[in-house]
Amino acid sequence: MGKRTVIPFGPQHPILPEPVHLDLVIEDEKVIEAVPSIGFIHRGLEKLAEVREYPELVYVIERICGICSFGHGLGYVTAVEGLMGVEVPERADYLRTMWHELSRIHSHMLWLGLTADALGFESLFMHTWKVRERILNMFDLTTGGRVIHSVCKVGGVRRDVEEEMLDRIVSEVRETRKETRKLTDVFLRDTSVKSRLCGVGILSKEDAEELCAVGPVARASGVYQDMRLNGMCKYGELGFEPVIGEGGDCYARCKVRISELNQSFDIVEKTASVMPDGPVEVQVRGPLQAGEFMMRLEQPRGEALYYVRGNGTRYLERMRVRTPTNMNLPSMVRMLQGCDLADVPVIILTIDPCISCTER
Amino acid sequence: MKCHYRIQNFEEIKAEDLTEIIRGFKTEKYRLCQICASNIEGDTELIYSFDLDHELFNIKATVRNGGGMESITGIYQPASIYESEIHDLFGIEFTGSRPNRGGKFFVLSKPTPWLPENEGGE
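Residue numbers (this note's numbering), protein chains in the order written: chain P, 216 to 575; chain U, -5 to 116.
Worth flagging that the hints you see were computed from the coordinates, not collected in a lab. Fair warning: there could be bad hints in the mix.
[To be verified] With a straight-line Cα cutoff of 27 Å, these simulated DSSO-like cross-link-like pairs (lysine-lysine) come out:
no., chain 1, residue 1, chain 2, residue 2
1, U, K54, U, K23
2, P, K262, U, K(-4)
3, P, K262, U, K104
4, P, K420, U, K(-4)
5, P, K485, P, K397
6, P, K409, P, K393
7, P, K262, P, K218
8, U, K104, P, K420
[What the hints assert, rightly or not] Here are some chain P residues pointing at chain U (derived, C-beta under 7 Å):
no., residue
9, M447
10, R535
11, L544
12, V548
Predicted model, so just to flag it, every value in this text is computed and none were measured. Quick reminder that beta carbons are idealized off the backbone N, C-alpha and C, glycines included.
Work the whole structure out from these sequences, hints included.
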């Protein structure tokens, strides 16, 4: 038996864009146990929600994270609409679906770039982020913001998208798909990339279920789970079926995200082609109803949960967000058990951790 | 596609019945989604959320502020994330929590900031 040592990993580490700490208990070069701790950038946004009127709170919620910004806004307004019994117009729902999928595309491409960087493949990282710019530009042109969009509101969306712009989005998405294919071929076929991902950080289907994994992490282990199946937005009308992988290793998680990229390209194109005419918002005035509503949506990293409780005023009594990274931490700890110390950074990255979300 | 997200299932239970009911959820292969704590008039309400086939079920149990609750980590291991969070922010003690992080999950400048008597700036 080798000598056991504890290596502190993070909160500042070259591989981590955001701070999280792990105590890695290692024996020789093998990780025996990983103990996470968070809270380095906890912002208490759930508390802030209690002192902001509900229509303006969407600006706070969107700032939980710069990558899942649109999804957080969407989750929050859908929860408030559920509490108040508001039905949004069809066109607004289609626009939300389109933006939500564009958001997934740029998030998955960001992840691919970070993974390439972690593998030491810097040119692949730079090319991936260059292609991602097309999607951010589409956000800029349609919402007025590349990172924080402020386009969702209680009752619909703040901006319509004209037909010419929808055509341009379709054209940009087709170009992005072409360019992405060349890059994803490298991720899926390059020997040096595969050697770092295949058979590393395995999470079995049983473990994924036992540890309540969510999102691409769960689906790469063969779990049939995707909150786009729960009837929100227009996924039902678009014939959505989730991508389910197999193997549960780092390569499987990469493959699932790449397949989801292609699926999101399809959804954006379909959404643009069937977008109905009509208004994009209904007026919502007055205080919140007393009561509570809990809803979930599929963020790029997995299931996110939003809970709101109203008390008859314009302020929420309680607002809760449970983000996907929070739910995937136990799975990450399981993946790290028994791995080589050198594989720790890549394994952590393959859950696509968003500490900003976790530290809402 | 069924509109699962609009279905709201909330059920209030007694705190002492919690583990038995949650064992039932586990047997029926429900997935633990989250535990949420809220301060309500001197008490802390805990909402445990579970998923089965994309439908959400919530059970509520109430304890006094800063009080104790039996841990469910023996049934659902990932509950330790939420129990640690609630312990560190709201000051609820979960008996039998595994792993017991001893209040070190969140790195905080002052303990239990969301316990009503500790709220407010310095």
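**Q.** Ascending list of hint numbers which this structure does not respect
**A.** 2, 7, 8 and 12
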